[in-house]
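There are 2 protein chains.
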Amino acid sequence: MAVYTQVSDDSLQEFLSRYALGTALSFKGIAEGIQNSNYYLETTEGRFILTLFEKYVSEDELPFFIGLKQYLAKTGFPCPEPIIANDGNAIQTLEGRKAVIISFLEGLSPKRPTVAQCKNLGAGLARMHLAAKDFPGKRVDALGPQSWIELWANHANEADAIQPGLTALMQQDIDELSKADLLSLPLPEGTIHADLFPDNAFFIGEEFTGMIDFYFACTGQLAYDLAICINAWAFEDDPLRNGDGLQYNFSKGAALIKGYQSVRPLEPAEHEALPLLARGAAIRFFLTRLIDWSATPEGALVMPHNPLDYAGRLAFHRKVTSAEGYGA
Amino acid sequence: MAVYTQVSDDSLQEFLSRYALGTALSFKGIAEGIQNSNYYLETTEGRFILTLFEKYVSEDELPFFIGLKQYLAKTGFPCPEPIIANDGNAIQTLEGRKAVIISFLEGLSPKRPTVAQCKNLGAGLARMHLAAKDFPGKRVDALGPQSWIELWANHANEADAIQPGLTALMQQDIDELSKADLLSLPLPEGTIHADLFPDNAFFIGEEFTGMIDFYFACTGQLAYDLAICINAWAFEDDPLRNGDGLQYNFSKGAALIKGYQSVRPLEPAEHEALPLLARGAAIRFFLTRLIDWSATPEGALVMPHNPLDYAGRLAFHRKVTSAEGYGA
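Heads up: the protein sequence lines correspond to chains A and B, in order. Quick note: the first sequence, position 162, residue 161 per numbering that gives the first Met the number 0, numbers continuous. Quick note: the second sequence, position 316, residue 315 per numbering that gives the first Met the number 0, numbers continuous.
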């Protein structure tokens, strides 16, 4: 749920006057994205999404994110296309915040992706990697492996409060991943989405129709992006076990990797590194969820994701010794 | 903000199969209405709103609300039209809740209505009253004058906690309104919206394009509906006074009443009763806001409307001795 900034009637009218988009016919706050305010905006020229950037997205980094979407959209990749205002800039200011209008993308985010959707998502991710191949923008992953030791050091003591014994378990993961030094692995790099959860992908039926929310995109190892998707798409609660732990859905994970490889086959080094990358990706999301969880007061109406979901994934990853363990 | 109930992929697909609306192309939670879950739903057949009814709306009363919208839409009045499912019913069940699909209405809810919008809103309200003239449904206003004494008795002690002295002031209003016995006044009755705040009305530019959210609609005095609008549309913070109290915007109030009368002239008894009705309407919203306010824990992320806004309106109403005081 994400409508933080209210837009006044006058502000909206003035804002729209900076574009060749006609006049507003509809304007509704929508529950999309969790870091920005998003509005469904319909004008006499079509349907759009208006995004206002809250404090979570750095103004300095906006040109990278917006430039990437422009670049991808121009290659024909299905992602929202930033609309250029009359002054030549896609990034404007509205209600004291940076704001953009992007094109409206059809499709629905799956709540519980099917095997076919996982396969098509994998292919979509690989298409994005290829489409962004010559994108000149660079951005360091602020939540990449180099950040984990410090993030963990600042919050390690909070893990045991969530589940006794978790601090020691996580310490072992952090130590082993540090030793493996993911960033030193000889893996192909490029522009990655880095947050491709089901709510950031659209489908019509089983068909992948687009990717949204590039606000964690960065320069990184391509296979790490796939490893993030393995964590985000292929684990699920076993309905027969009444919520007793997450299960790796092998069919979904295998389909995801197969779909990816149907567009961009993994190099041998990527194939070999997959278990380490999957474990690293789980650490990255565990850490940010741990931080959000600890920062949220008891009784808050909007609860963040439970970090234990990622502790559950890590328990699986620890046992996987090769990419075949994920279905590759 | 109002997306409480999540709809699974399978549930949505099964739900849509009950209609002749094709397949889903987009489905987004929207921040519209405060009592129900609302989704923007686009299908191969068009754009719609899907509403799931939360506990706030009684299932027994749904046929009245939905029937009213069907009736009004058939007369050509601009309101969402409930879509009939293949089984002949507009009211269905989804995720364990009653649910309807209604047609999508273009237009924007004004944050700070203009004088012209107030005039057109008044005309729109009168059009609704005439359009619903022969609607056979009846519903007692659960928050009408007969309910105020008991609501107040249960919460009177909470008013002083909000502002010292408020309990005594309100007691006087309640006593005087009880004595005046609004329901005994010989005023024309019919179906009223009873909650026509700016977020329940749509405009394109200055033109009124529709009315939504009929979930407080009931049988009542037509002029009371106008009195609610006077409270909801014609009071505003004076920007020059730094939030120091609400002001009655005489131009907006006069325009609202003039617009109403351009379609349905007030009878002399309605004209005479307007100050009492306006005061009563302010009491009604003060009381429900007082209850919501007291029921909300400190630190909650979503704060209810401050009841003091209505205490401010009551301070104005106490001084008005005739409809002319509102610009009638």
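Calculated from the structure, these hints are not laboratory results. Only a predicted model underlies this, so the values are computations on that prediction, with no experimental measurement involved. Beta carbons: idealized from backbone N, C-alpha and C, even for Gly. Honestly, I wouldn't trust all of these hints.
To be verified - Cross-link-like lysine-lysine pairs, in silico, DSS-like; alpha carbons within 25 Å at most:
hint : chain 1 : residue 1 : chain 2 : residue 2
1    : A       : K110      : B       : K257
2    : A       : K97       : B       : K110
3    : B       : K54       : A       : K27
4    : B       : K27       : A       : K110
5    : A       : K54       : B       : K54
As the list claims (entries may be wrong) - Residues of chain B placed beyond 10 Å of chain A at every Cβ, according to the derived structure:
hint : residue
6    : Q5
7    : S7
8    : S16
9    : L20
10   : T22
11   : E41
12   : G66
13   : R96
14   : G106
15   : P109
16   : D133
17   : N153
18   : N156
19   : Q162
20   : G204
21   : F215
As the list claims (entries may be wrong) - Residues on chain A that point at chain B, a partial pick, calculated with CB under 8 Å:
hint : residue
22   : S7
23   : R17
24   : Y18
25   : L20
26   : G21
27   : S25
28   : G28
29   : I29
30   : Q34
31   : Y39
32   : T42
33   : P109
34   : R138
35   : G204
36   : E206
37   : G209
A quick look at each hint next to the structure:
1. A/K110 x B/K257: violated (50 Å)
2. A/K97 x B/K110: holds (21 Å)
3. B/K54 x A/K27: Cα-Cα ~24 Å, so holds.
4. B/K27 x A/K110: holds (12 Å)
5. A/K54 x B/K54: Given pair A/K54, B/K54 is violated - Cα atoms ~35 Å apart, limit 25 Å.
6. Q5: Contrary to the label, B/Q5 does not stay out of reach of chain A, its closest Cβ about 7 Å off (not over 10 Å).
7. S7: violated (5 Å)
8. S16: At about 13 Å from chain A, B/S16 clears the 10 Å cut-off, so the statement holds.
9. L20: holds (14 Å)
10. T22: violated (7 Å)
11. E41: Answer for B/E41: violated, closest chain A Cβ roughly 7 Å.
12. G66: Holds, since 26 Å exceeds 10 Å.
13. R96: holds (16 Å)
14. G106: About 7 Å separates B/G106 from the closest Cβ of chain A, which leaves it inside 10 Å; violated.
15. P109: Violated, since 5 Å does not exceed 10 Å.
16. D133: holds (31 Å)
17. N153: holds (25 Å)
18. N156: Since the minimum Cβ distance to chain A is about 25 Å, B/N156 lies beyond 10 Å and the statement holds.
19. Q162: Correct as stated: the minimum Cβ-Cβ distance to chain A is 26 Å, above 10 Å.
20. G204: For B/G204, whose nearest Cβ neighbour in chain A is about 7 Å away, the distance does not exceed 10 Å, so it is violated.
21. F215: At roughly 21 Å from the nearest Cβ of chain A, B/F215 sits farther out than 10 Å, so the non-interface label holds.
22. S7: holds (5 Å)
23. R17: Hint violated; A/R17 Cβ to chain B Cβ min 18 Å, cut 8 Å.
24. Y18: violated (16 Å)
25. L20: Since the shortest Cβ distance to chain B is 14 Å, the answer is violated.
26. G21: violated (11 Å)
27. S25: holds (5 Å)
28. G28: Because about 3 Å separates A/G28 from the closest Cβ in chain B, which is inside the 8 Å limit, the hint holds.
29. I29: OK, holds: A/I29 within 8 Å of chain B, min 5 Å.
30. Q34: violated (16 Å)
31. Y39: Cβ of A/Y39 sits 6 Å from chain B, so the hint holds.
32. T42: violated (10 Å)
33. P109: holds (5 Å)
34. R138: With a closest approach of 28 Å, the A/R138 hint is violated.
35. G204: holds (7 Å)
36. E206: violated (11 Å)
37. G209: Since chain B brings no Cβ nearer than about 11 Å to A/G209, farther than 8 Å, the hint is violated.
Consistency with the previously given hints fails for numbers 1, 5, 6, 7, 10, 11, 14, 15, 20, 23, 24, 25, 26, 30, 32, 34, 36 and 37, ordered from lowest to highest.
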